[in-house]
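Undergrad: Single-letter residue listing:
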Amino acid sequence: MSTPTDMKFLIVDDFSTMRRIVRGLLKEIGYNNAEEAEDGAVALNMLKNTKFDFVVSDINMPNMNGFELLAAIKKDESLKHLPVLMVTAEARKEDIVRAAQDGAAGYIVKPFTKATLEEKVQKIMQKLMAAA
Amino acid sequence: MKMEDSTVLAPPPATSGASPEVVYQQLGHLTRLLHDTLEQLGVMPNLQIAADNLPDARSRLNYVAKKTGEAAEKVLNSVDQAKAEHEKIARETREMARAIIADPVKAVASGSVMNFVGDVEASTARIDQHLTDIMMAQDFHDLTGQVVAKVVSLANDLEDSLVKLLVQAAPPDQTAKLMAHIAPVAAAASVATSELSGPVVAPEGRTDVVANQGEVDDLLASLGF
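Sequences listed follow chains A and B, in order.
Residue 101 in numbering that gives the first Met the number 0 sits at position 102 of the first sequence, and the numbers go up by one each step.
Residue 106 in numbering that gives the first Met the number 0 sits at position 107 of the second sequence, and the numbers go up by one each step.
Accuracy of the hints is not assured; some may be wrong.
Interface residues of chain A toward chain B, partial, derived using beta-carbon atoms under 10 Å [as the list claims (entries may be wrong)]:
#1 57
#2 70
#3 73
#4 74
#5 76
#6 82
Restricting the straight-line Cα-Cα distance to at most 20 Å, the calculated cross-link-like pairs of lysine to aspartate or glutamate (DMTMM-like) are [to be verified]:
#7 47/A with 194/B
#8 26/A with 217/B
#9 50/A with 216/B
#10 149/B with 117/A
#11 122/A with 138/B
#12 126/A with 216/B
#13 109/A with 216/B
#14 79/A with 69/B
#15 113/A with 194/B
#16 50/A with 203/B
#17 126/A with 172/B
#18 122/A with 194/B
#19 92/A with 120/B
#20 26/A with 93/A
#21 92/A with 69/B
#22 92/A with 20/B
#23 82/B with 35/B
#24 73/A with 120/B
#25 26/A with 207/B
#26 113/A with 203/B
#27 109/A with 120/B
#28 113/A with 132/B
Quick look at which bits of chain B chain A covers, simulated, 3 or more residues with Cβ under 8 Å [said to hold, decoys possible]:
#29 156 to 170
#30 201 to 209
If you are wondering where the hints come from, they were derived from the structure by calculation, not from laboratory data.
Because the structure is a prediction, the values reported are computed rather than measured.
Every residue gets a Cβ at the ideal spot worked out from N, C-alpha and C, and that includes glycine.
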């Protein structure tokens with residue numbers, strides 16, 4: 000596994016503004032290595048062709064939504080180890096529970112703060128380090 | 000509905016000098032006929048759903064107005080504060096340059112240079128925070144974009160129902176002409192809609208949604224995640 004600051008993130012969101020915000024925040028908290036995908040289908044293709052360490056994904060997206068992407072990642076032997084942090088405006092309890100049951104590593108509801116993103120990413124990182 | 004059927008909508012013949020009760024009954028009869036006909040045409044349920052969603056569309060548009068207003072306010076406040084910090088650094092830099100030119104040894108020995116360095120560091124940290132706030136304020140684009148998409152979907156549903164009503168009520172000789180005109184409209188209206196709900200625009204009184212990140216964390220913790 001890469002060292003924390005070298006870890007490669009994939010940011011998945013259909014809004015480029017949000018991708019840039021997440022990317023900017025990750026940079027501020029020490030993670031400079033990130034790429035972007037505009038929906039789940041594009042993300043899945045990138046994940047199959049390039050090595051990533053961490054996925055930050057929206058849920059409500061065209062073509063393939065975040066739940067479908069999460070399911071595809073967890074079904075794929077070569078990808079299922081990847082932590083997937085959901086960052087979404089979906090605030091229904093059933094969606095939050097579903098994400099957790101489907102294997103999401105964390106759930107952030109929009110609008111969020113830099114402190115929230117940092118806390119969730121660090122928490123997931125600590126679990127990864129402990130498991131390594 | 001075809002034109003030949005329209006006779007069913009004709010009211011019972013009114014007699015001159017009919018009493019208000021009779022007129023009222025005839026109006027009631029017409030209303031009932033119209034309602035039943037629309038029901039039979041299958042238009043009414045969809046039209047009703049679209050009409051029922053109009054208040055939701057209003058609250059969604061209010062949410063968009065509120066979010067964009069808040070974002071603009073946040074950005075302008077942050078810009079004001081960052082500009083004030085910037086002005087302060089520029090002023091202190093000019094003063095420091097004058098002090099160094101006048102007596103460089105005194106400027107260093109008196110601690111002015113080190114104070115200035117400390118001030119610059121603190122100011123740039125505050126400016127950096129303002130820039131982060133400006134970046135975060137742009138999240139309104141994502142949130143309002145999702146809400147606008149829902150409103151567009153509702154407008155499409157309403158349009159679709161009205162178009163169907165128009166086609167079914169048109170005279171037979173006009174139907175083909177009408178179809179040619181509305182086909183592009185119908186195609187545009189048939190956009191895919193998401194089953195996901197998007198941002199919660201009115202969380203008050205709802206128990207099926209969370210209001211903030213703390214509630215998300217509590218919910219997940221209660222389930223052992």
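Undergrad: Please go over all the hints and tell whether each is borne out by the structure.
TA: Hints versus structure:
A hinted interface residue such as residue 57/A counts as satisfied when its beta carbon comes closer than 10 Å to some beta carbon of chain B; here the least separation is about 8 Å, so the hint holds. For residue 70/A, the interface hint is violated, since its Cβ never comes within 10 Å of a Cβ in chain B; the closest pair sits about 15 Å apart. Contact between residue 73/A and chain B, as hinted, is not supported at the beta carbon level, the nearest pair being about 15 Å apart and thus beyond 10 Å. With 10 Å as the threshold, the beta carbon of residue 74/A stays out of range of chain B, its nearest partner Cβ sitting at about 20 Å, so the hint is violated.
With a cut of 10 Å, the hint placing residue 76/A at the interface with chain B is violated, because the nearest CB-to-CB distance is about 23 Å. The beta carbon of residue 82/A is not positioned within 10 Å of any beta carbon in chain B (closest approach about 13 Å), and the interface hint is therefore violated. A hinted pair counts as satisfied when its Cα atoms are at most 20 Å apart, and residue 47/A with residue 194/B does not qualify at roughly 28 Å. Restraint check for residue 26/A and residue 217/B: the C-alpha separation of about 28 Å exceeds 20 Å, so the hint is violated.
With a CA separation close to 30 Å, the supplied pair residue 50/A and residue 216/B exceeds the 20 Å bound. Between residue 149/B and residue 117/A, the direct Cα distance comes to roughly 31 Å. Violation of the 20 Å bound is thereby established for this hinted pair. Note on residue 122/A and residue 138/B: the hinted pairing is violated, with a Cα-Cα distance of about 24 Å set against a maximum of 20 Å. A C-alpha spacing of about 17 Å is found between residue 126/A and residue 216/B, which places the hinted pair at or below 20 Å, so the restraint holds.
For the hint pairing residue 109/A with residue 216/B, the CA-to-CA distance comes to about 13 Å; that is within 20 Å, so the pair holds. For the hint linking residue 79/A to residue 69/B, the alpha-carbon distance of about 40 Å lies beyond 20 Å, and the restraint is violated. Our distance criterion of 20 Å between C-alpha atoms is broken by residue 113/A and residue 194/B, whose separation comes to about 29 Å. The straight-line distance between the Cα atoms of residue 50/A and residue 203/B is roughly 43 Å, outside the 20 Å bound, and the hint therefore fails.
A hinted pair counts as satisfied when its Cα atoms are at most 20 Å apart, and residue 126/A with residue 172/B does not qualify at roughly 72 Å. Between the alpha carbons of residue 122/A and residue 194/B the distance comes to roughly 31 Å, so the proposed pair goes past 20 Å and is violated. A distance of roughly 44 Å separates the Cα atoms of residue 92/A and residue 120/B; the hinted pair therefore is violated under the 20 Å criterion. Using a Cα cut-off of 20 Å, the hinted pair residue 26/A and residue 93/A is violated, with the two alpha carbons roughly 32 Å apart.
Straight-line distance between C-alpha atoms of residue 92/A and residue 69/B comes to about 26 Å, which puts the hinted pair past the 20 Å bound. At most 20 Å may separate the alpha-carbon atoms for a hinted pair to count; residue 92/A and residue 20/B exceed this at roughly 55 Å. The suggested pairing of residue 82/B with residue 35/B is violated, with an alpha-carbon distance near 66 Å, which exceeds 20 Å. A hinted pair counts as satisfied when its Cα atoms are at most 20 Å apart, and residue 73/A with residue 120/B does not qualify at roughly 46 Å.
Note on residue 26/A and residue 207/B: the hinted pairing is violated, with a Cα-Cα distance of about 35 Å set against a maximum of 20 Å. Annotation: proposed proximity of residue 113/A to residue 203/B is violated, straight-line Cα distance about 26 Å (limit 20 Å). Of the pairs offered as hints, the one joining residue 109/A and residue 120/B is violated, with about 32 Å between alpha carbons and a cut-off of 20 Å exceeded. Between residue 113/A and residue 132/B, the direct Cα distance comes to roughly 9 Å. Compliance with the 20 Å bound is thereby established for this hinted pair.
With a threshold of 8 Å between beta carbons, the proposed coverage of the region 156 to 170 of chain B by chain A is violated, since 0 of its residues qualify and at least three are required. Restraint check on the region 201 to 209 of chain B versus chain A: 4 residues with Cβ-Cβ distances below 8 Å, three needed, restraint holds.
Of the numbered hints given earlier, the model fails hints 2, 3, 4, 5, 6, 7, 8, 9, 10, 11, 14, 15, 16, 17, 18, 19, 20, 21, 22, 23, 24, 25, 26, 27, 29; all others are met.
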